[in-house]
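Taking this note's numbering, the leading residue of the sequence shown gets 10, the next gets one more, and so forth.
Misleading hints may appear alongside valid ones.
[As the list claims (entries may be wrong)] Each computed DSS-like pair below joins lysine-lysine, with the alpha-carbon atoms no more than 30 Å apart:
#1 48 - 81
#2 48 - 73
#3 75 - 15
#4 73 - 15
#5 75 - 48
#6 15 - 81
#7 48 - 15
FYI, nobody ran anything at the bench for these hints, they're computed from the structure.
As the structure is a prediction and not an experimental result, all values here were calculated from the model.
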Amino acid sequence: MPAELKSLILCDFAQIREGLLFVQSGGLTRLAAPTFPAKFACHVATLVWLPPNESGAAHEIVMKVKSASTAKLTATVNVALHESAAPSALRPGEGRQVPIVVPLATVSFPAAGEYDLHVEVDGEFAGDISFVVAQRI
């Protein structure tokens with residue numbers, strides 16, 4: 010069983026505390042900017058499920074932001090997941106959810122339009138979300 014993306018949320022803010030994912034204002038589908046190119050102080054919050062036999066292994070997560078209309082790549086964010094051994098509280102054979110937070114403040118959106126956030130885990134498509142970037146009037 011490979012690592013698996015279980016949750017993918019665009020949100021105003023997210024953080025990890027004591028192994029738990031805290032999401033504030035999650036489920037964004039629309040971002041607005043007065044001018045372009047534009048950057049936003051939002052985050053991507055994810056939960057990745059690790060099977061018991063892979064809890065100490067390294068995993069690679071790649072997030073690609075693309076224009077939905079042209080498929081032109083806007084940004085690529087690489088996340089290396091290097092988890093320690095499974096916590097001792099897990100039962101033998103039990104997998105676990107690993108929270109990951111990625112700030113999108115460095116991604117520059119060139120124009121208004123619909124964008125897709127495409128996620129790969131260990132080189133395999135794992136999920137995606139779409140959102141609109143609009144011009145604030």
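Checked hints:
With a C-alpha separation of about 17 Å, the suggested pair residue 48 and residue 81 falls inside the 30 Å cut-off, and the hint holds. Restraint check for residue 48 and residue 73: the C-alpha separation of about 16 Å stays at or below 30 Å, so the hint holds. About 21 Å separates the Cα atoms of residue 75 and residue 15, which keeps this hinted pair within 30 Å; it holds. Note on residue 73 and residue 15: the hinted pairing holds, with a Cα-Cα distance of about 17 Å set against a maximum of 30 Å.
Between residue 75 and residue 48 the alpha-carbon distance is near 15 Å, which keeps this suggested pair within the 30 Å criterion. Taken as a hint, the residue 15 and residue 81 pair is honoured in the structure, with Cα atoms around 26 Å apart against an allowance of 30 Å. In summary, the hint linking residue 48 to residue 15 is supported, as the alpha carbons are separated by about 27 Å, within the 30 Å threshold.
Comparing the model with each earlier hint shows no violations; every hint is respected.
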